[in-house]
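There are 4 protein chains.
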Amino acid sequence: MLKVAIIGASGYTGLELMRLSVQHPEIELIAVTSEKFSGMKVSEVFPSLSDQVSLVFQSIADKEDINNADFIFSALPHKEAMRIVPALLESSTKIVDLSADFRLQDPALYEKWYQKHTAPELLQDAVYGLSELNREKIKKAQLVANPGCYPTAVLLSLIPVIKNGIIDISSIIIDAKSGISGSGRSVALSSLYAEVNEGVKAYKVTAHQHTPEMEQELSKIAIKEVRISFTPHLIPMNRGILATVYASLSQKISEEEIIDIYRQYYEKDIFVNMCPRGIFPSTNQVKGSNYCAIGVAIDEVTNRLIVVSVIDNLLKGGAGQAMQNMNIMASFSEGSGLGQLSLFP
Amino acid sequence: MLKVAIIGASGYTGLELMRLSVQHPEIELIAVTSEKFSGMKVSEVFPSLSDQVSLVFQSIADKEDINNADFIFSALPHKEAMRIVPALLESSTKIVDLSADFRLQDPALYEKWYQKHTAPELLQDAVYGLSELNREKIKKAQLVANPGCYPTAVLLSLIPVIKNGIIDISSIIIDAKSGISGSGRSVALSSLYAEVNEGVKAYKVTAHQHTPEMEQELSKIAIKEVRISFTPHLIPMNRGILATVYASLSQKISEEEIIDIYRQYYEKDIFVNMCPRGIFPSTNQVKGSNYCAIGVAIDEVTNRLIVVSVIDNLLKGGAGQAMQNMNIMASFSEGSGLGQLSLFP
Amino acid sequence: MLKVAIIGASGYTGLELMRLSVQHPEIELIAVTSEKFSGMKVSEVFPSLSDQVSLVFQSIADKEDINNADFIFSALPHKEAMRIVPALLESSTKIVDLSADFRLQDPALYEKWYQKHTAPELLQDAVYGLSELNREKIKKAQLVANPGCYPTAVLLSLIPVIKNGIIDISSIIIDAKSGISGSGRSVALSSLYAEVNEGVKAYKVTAHQHTPEMEQELSKIAIKEVRISFTPHLIPMNRGILATVYASLSQKISEEEIIDIYRQYYEKDIFVNMCPRGIFPSTNQVKGSNYCAIGVAIDEVTNRLIVVSVIDNLLKGGAGQAMQNMNIMASFSEGSGLGQLSLFP
Amino acid sequence: MLKVAIIGASGYTGLELMRLSVQHPEIELIAVTSEKFSGMKVSEVFPSLSDQVSLVFQSIADKEDINNADFIFSALPHKEAMRIVPALLESSTKIVDLSADFRLQDPALYEKWYQKHTAPELLQDAVYGLSELNREKIKKAQLVANPGCYPTAVLLSLIPVIKNGIIDISSIIIDAKSGISGSGRSVALSSLYAEVNEGVKAYKVTAHQHTPEMEQELSKIAIKEVRISFTPHLIPMNRGILATVYASLSQKISEEEIIDIYRQYYEKDIFVNMCPRGIFPSTNQVKGSNYCAIGVAIDEVTNRLIVVSVIDNLLKGGAGQAMQNMNIMASFSEGSGLGQLSLFP
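Protein chains in written order, with my numbering: chain A, 1141 to 1485; chain B, 1141 to 1485; chain C, 1141 to 1485; chain D, 1141 to 1485.
These are calculated hints, taken from the structure and not from any lab test.
For identical chains, the list gives no copy identity; a pair is met inside one copy or between any two copies.
Computed list of lysine to aspartate or glutamate pairs in DMTMM-like fashion (alpha-carbon distance at most 25 Å, straight line):
no., residue 1, residue 2
1, K1344, E1396
2, K1392, E1365
3, K1303, E1396
4, K1392, D1308
5, K1181, E1397
6, K1360, E1272
7, K1303, E1272
8, K1344, E1220
9, K1277, D1265
10, K1364, E1440
11, K1256, E1440
12, K1344, E1397
13, K1408, E1397
14, K1219, E1261
15, K1234, E1220
16, K1181, E1396
17, K1279, E1474
18, K1360, E1261
Note that the structure is predicted; figures quoted are calculated from it, not measured.
Let's have the full structure, built from the sequences with the hints guiding it.
Below you can see the structure in the form of structure tokens.
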């Protein structure tokens, strides 16, 4: 059994990491930390884990248990992770970090969108953990930077068509919709039930911090600089991201041919499903699972490709993909512990 | 007092027309029809109108009351309206029709998206009832075709910048999000609570019947043919449409200048509000009111304009705009009976 | 025009008081206070009031405008109201206080449920503002203590049957369900969207502070001590309270006779509607209005009366009833400014 | 591997049975029937099962696969099940029936609440499948009548205190709240999103068909006739039942002692969790799992016991308990295939 610790486990992503860990047949969860709830039982903070997790949240300062871990998930917020993770790496523990701190390879870019990076020396070695894209690198990595929720949905929807050169990469527009759990469990006026419910709004228009992350990865795939327009929206639901991606086609091609391109690209990827022609996915068909579902259409009149992809932001967009990456890093079966089907309705 | 009848009043739009009529100081509601609920009290079908509407739903075949009306709202579904409305016009009653049947001026276009039109002779005289755009024509019209909910949100967000020639009209992409009441009160599996809740999905991708309506009106404004990409999405909430509109800028311009363009264009329009720079509207700030709120941003890197507009689909996107048009047609104050502020939360 | 000020106006009840004030034909809103948002425009804090309220939140320390008011609504939290209200009363302004601070006549009871009362001398003169119960006293009052949201729903459902002596007053059990706006706009983990959504729970079981308020009023009506079991529940919706009340019948009586008792008791009350026999109300039929709707049933087997009553907690359960009380105090028509029908769906 | 068929699998309970079957390590799902969707792939009807269930819905008339099954779940509606199940039993297959048709032992009672029973000879042998109550009988049963969702929540909350004789059984009042999935996937106006959302209502007051089921089982436990008042309410959420149970205490006892009574009674029951004193459960802590969580309080003033219990109506209140019963009948570990933890948020 792989001994696993979770650092910063009291947010929704941490909760999901605990839930998945408990159900994983090959790992043992030995420690979870939370500064806010330090000393409290996990089951007091999260009654949904009652009787399943007997652990008590400890402070990250209590190093003993953490040092005993073979593997660490860090679910600390960005800016904090880069202060804590370097020391954890010293003991050669493998780590999947779920923050944004090790995703951007250029420290200047990080500084522009966040603040000055305090561990820039790690940026080149950290592997960007989109499992389907970087499986081989993830296998050998010590530090995996788990992708953001939006980038996961968007990259999975764009990689095959960019690799196949069928879209004009200067024309990409991404209109994304996310459930509120993407904002985390922090207490803020804008996350109150009555503020969110019965409303939809755009936020961080032209200014969302996941934009450079998507541009970095898309540029690597396109092998030239890609700049996108990205507009995220907040939807009154707990979980789920739906990304609607628009791009001009650079050649004549049919919907069937495009679906084939995706099917071939994701042939061996158990967590990516293509919808049949004419069918588009709803986020509620992936809720609670690690799946991504993708549907495509061609707008004949304007010659644009429209791709719709959906994930559960807390699973394939967070804890699920982190577990998938751990499976790859630990040479487990890639889907181990991730067999839960979507919970609908 | 203007005597008003509502044909096809048992859907959500009909309900809103009744609610607004009861609260309008200058009109008297004398008849409401519903084939489905004929003979039932309105307050039995809609307890929210208890003690306020003492009318009984009658069949449209009971012509007496309808013939006594000075003004008629038709809230029949498309394809039915074109069969019923022509006869009602003969008595020189003024009518606002809320279906799609008189919005498209080209019968061939109607036939392509719906079916063969049975009253094509009315299409040229019917006035497209976007109040802010066609106020003068509406004043003199006998038949006003009330705009669709999506077209209302979209046209209000695009008219000023198209009139001012600052966007490339071949680049328009519209990503729209609507609450479920837009699907009406018809009983369908896809409208069940458990099917809709906790999910977001795209629907009628490249195939929504509001597309030609928007293209027709945008083309008239641009004075050349405009083709758009339009993708509607279904959001788990009762009311509200948010349209996110993307278009390439055709000149250098600042956000402040663009906001000024909108402010000038809508200077005399009491129901359109511009958000301050950097602020984007939520649908929940217009819920229950006839307002449209608009926010804009420039994506500097890609030189695109992003416009976000919100309305309550049942009010400015339906019954509210119909009442606004009636006010114009009857020479009442344009906002008469529409003074209800948004209900938040 | 009556000059009105609202103290503590930045919560949901304050928002509703502002919205209703703007739409009231006989009053002028001259000042609104908020310590938290002092100096900010109302329309910045509440975009739903954009262009309708041009006021700026001021501190309660800026006394000039408040001193000019003919009438004051205090929407301060309990424990704060009792510190601020006494000074305001000195200038003989009439006040409706929406907190719990002047509802309990016994200072010892207040102290037991809240803390030591700092203005006990006001408790005997403050009038309990259930409009339907105390209309004559409210007319002459200087200080009206607006009832709590739960007590309003519960008292309206019980007064007629207690007055008529048909239930065993020792058997009353109240199971109440409230939307989340009842918790106010304060930022708390338990009010976050993702915590509330898709869940229902009981809270403050046997310990809710509205219990003594209900017992006080029920005891006055019964002319002997009444003790109840009261369990409130939190429902994932914005607005609405539904109270299900259980009591043993003390005599043989039919459902029709009971409905008649209610109809007679509320004959002149424009905001209380009885449902026909066999019909029970939903909170969504009173959302956005000042109405209370009540349905009753007799459980023949156990000889219990079951009464279901619904209100909008922010309106009849808060700001709406406060406005109704102001109308009574100012000798306006009781429904003035409260004509908005329920917003469904 | 146990070969399993599901009859009537296209409702929400059928969907859950399929989902659980696919994840169960000891069974193989060999056939699923639906008259409505006969001939369609399961994954077309339920995209949430994409790539996991390759079966096609067949008609119940296609007997071959069904005859090959070692075990059958019947998720047919009541009144239909009693027509189909008898023939299936002839081949000595074991069956868990999820309808109401075999729950009431008295055919006259069934006739009163439903219609004349067409297979009354089965009623005495069918075992009432509340797993925690009838484990030994279930083990030997050929036909298990899976309890209703409300009775499951209610019985688990009452059995220990009735067995211990600490409540007055003539005083039981049950106020229950259910998510909308309890109404099934049938298309009805009252189940539409916009009708359900933002509202709570009581329904079938004094007339819910689960009442005699609860009274039958409570009477057996109390060894005398028990009659209850039961009022169900509809809550705007997908899943979950919360039952709030009120009963007069017949002796002096503390909350700790009562909690101990529950803990002892459910000592060996893996799916029933007692909350610590002062804590009450939310339905969202059992969403997606087979757990029941129970909290208790004593109302000192009125000497009443208040018990709050929560389940996921589709799992412990339906498909989950059916699977638990199958595990018992097939001598599998009782929790086999039911290890999924609650999905929160």
